[in-house]
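Chemist: Listed in order, the protein sequences are those of chains Y and P. Going by this note's numbering, the first sequence opens with residue 117, and the numbers climb by one from there. Going by this note's numbering, the second sequence opens with residue 133, and the numbers climb by one from there.
Keep in mind that the hints were calculated from the coordinates and are not lab data. Note that this is a predicted model, so its numbers are computed, not measured. One or more of the hints may lead you astray.
[Stated by the list, open to error] Result set (DSBU-like, lysine-lysine): computed pairs, CA atoms no more than 35 Å apart in a straight line:
1) Y:LYS393 / P:LYS405
2) Y:LYS232 / P:LYS198
3) P:LYS514 / P:LYS405
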Amino acid sequence: MMNRRFFLRGAAVLGCSVAAHPMLTTLTLAAGEKTLGENRLVVIILRGAMDGLGTVIPVDDPLYAQYRPGLSDLREAPGALTGGFALNPALSGLMPLWQAGQLGFVHATSTPYRDKRSHFDGQDILEAGTGTDVAAHAVRDGWLNRMLQAVPGLSAETAYAVGRDALPLLEGPAPARNWAPDLRLRITPATERLLEAVYHDDPLFRDASEEAMTLSDELDDDLMAAAPLGAKRLSNNEKLADFAADRLRGASRIAAFSQTGWDTHANQAVGLDSALKGLQQTILRLREGLGEEIWGKTTLITMTEFGRTVRENGTKGTDHGTGGLSILAGGAIRGGQIFGPWPGLGESALYAGRDLMPTTDIRSWAAWAMAGMYGFDRALLESSIFPGLDMGSDPRLLL
Amino acid sequence: MPINQTVAAFRFGFGLPLPKAAPATPEAMLAALADPDPGAALWPGITTADAVAQMQFVEAARRRGKESKEAFEMAGREIGLYGMELRDQSVKVAVARALDSPDGFRERLVAFWADHFTVVSKNQRTTAMPSAMVEDAIRPYLSGQFADLLVAVTLHPAMLLYLNQDQSLGPGSKVGKAKGRGLNENLAREVMELHTLGVGGGYSQADVREMAELMTGLTVTTADGFTFRETWVEPGAETVLGVTYDGKGTEPIIQALRALAVRPETAEHISRKLAVHFVSDDPDPDLVAAMSSAWRSSGGDLMAVYGAFLTHPSAWTLTAAKVRQPAEFLVAALRGLGVTGADVMAMDQKTLARTVVRPMQAMGQPWQQAPGPNGWPEQPEKWINPAHLATRIAWSMALPQRLADPLPDPRAMAGTVLGDRAGEAITLAVSRAESVREGVGLVLASPEFNRR
């Protein structure tokens, strides 16, 4: 159902007439409020540059062990994937998802950002969703916000930035919510009533505080229900996932957050292991929290600013590189495969003689997911949401 | 001209009660701005020399870290500690000056210009650079000619690093040709789009390109900080907005910046921005016109612009159309609780983090980390959303008891910190609060306190 309205939006960009599409009005809900339909999108920004090669490992290529003599001595056997790749054992808990077709990867993908390898600029470009033809900082909003802008009338509840860290991905003119799962308003009912009185005549403060009090109460109730006395304390990843799942079970369709800890310049075996385990925990917890039905309508995608060097450095780590990895999960995806052409590890196949050669634009994967889930038209995606992107041919990402 | 002291404190200062010796009329506010900077004299700030020393320290530590895994970890710790101390000093000095300086308008202008010329440190080498730019390129120039301010900021290493000018080479320069490197237009574009003319300010992509070529040679080195490399300069003259600039060294760049500073589009853009920041997102066009006219007729003399601003009736409307940004909210709250600059300077790291650094972040304004070169948003709804308001409420209810012993009587405090704004609803609510702590919390969480 959703496809038509968004097709129309794209059609308008192409100059087609609205009158040619009689379905327009049926897609506006009775209440006058628009929605994105039932599909859920979760975007996780992995800050610090995830080592894609060490995550989905080209185990059959002897060059890998040669490039990384100090890193490739995996203590446990990695999980076999497909085409000579294996999954880092830290993610072994995700293997059932892979087998169920609910986990996939995009290897050797990157933003159009090249050569400078600054986290800061790389994340800027990743979240702005721009290419090299657009001057740095010329676009001031995030691409996920521009997606929301393309559907005027969505409620702020539609999209959630989860956590305390800024998320430029979702910043911009379209309204979106943000909340940190550990944020609580601990005030007595009497003080709550006094605050209501103080905010009564100021709609900005009144609405924001009402929402804050509701969220805070709901979270407290959930906590009471979910964690009986003596139960183990939840990790931050679990809290984040629980909160996102809670919102996505309700009126929200999009959740975005970021995780750090990927900048593994030294002692990568330990650092990457811990970051991957955290991510795995987030994904599994989210799946559990969403339940089978909603997980079935969910596409989760991780994105990182760039990959890391193919060769290990002098401190048992890797440095900033180019081609990286995106992880896809969810019941909506056509998983069990590794997307994107594999460039190989031969010296001449590397980017600048040091990095995995990017073979696809990371934005195109998000764009295809958005097209498949919400029916956004290609012209709109390539012009407004990701200006200058060429989405290429349909990778058939979703079921 | 007699003015409303509550409006003066909220709109043009850091809140009530006004510090001792605070000027009480627009004329006195302007006269104070013409005097030497009393805030800078109170507490020494981080200088550009300090920021360059940090770059040198970090690079030396990183070299040591290459020797072994242990050395790498040790270097990481040293770099982190060094940066943390500078960050804390930077926050403390800014807050202490805002609390104690009698010239509150100047401190607010410092924040305005720091935001207008937003810079963010991109790595651990340069965390002190934003403060250094404020200290050496903004504070000394904010009551002089805009052209001088613009030149000082544009040539500051913090700006060169943030907007990638340090990596921009003339493609036809000696080094550019030898290494096949070229232009980065980022700073040239932002100088026009954000710092001077404004979007739609009558410049073209060709002007941006020419400006970028003109600015080649400006860079930053760890040894010297600001550096000009003649071997990076694009040969030949450049034409920006119809004027041709040629010559050696930084002089042609400075000339072009000076020309941008006095353009009518610049006058309009920045006058409007001042009015938006201080008064309303939709300011009286007549106010903007008066400021812009003062800008044009004085050739960008900022005192003339501030004069037109403060003597205009629309600067003194009673409507509080804006919201205090988190940094402002925290300073005003500290002031309302009687915390002094000396108290802030004496805070240990934990206390500072709990009281100022983490709350600022949780309220949506992490210190010196604006989301982009266009700085922090101005719209009230960007600052008062459920999460950020909840954080303001939580701070208001929990932190004062750690900062003031005994807590002030909230009924008296409502009058002291809200002035004329202490209306019926807040007064009644405070009188019904279950405890002194919650009464104080209600005052600080109220719209009357958070709006300005």
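Chemist: If a hint holds in the structure, say so; if it does not, say that too.
Modeler: Quick rundown of the hints versus the structure:
no., hint, verdict
1, Y:LYS393 / P:LYS405, "47 Å, violated"
2, Y:LYS232 / P:LYS198, "21 Å, holds"
3, P:LYS514 / P:LYS405, "17 Å, holds"
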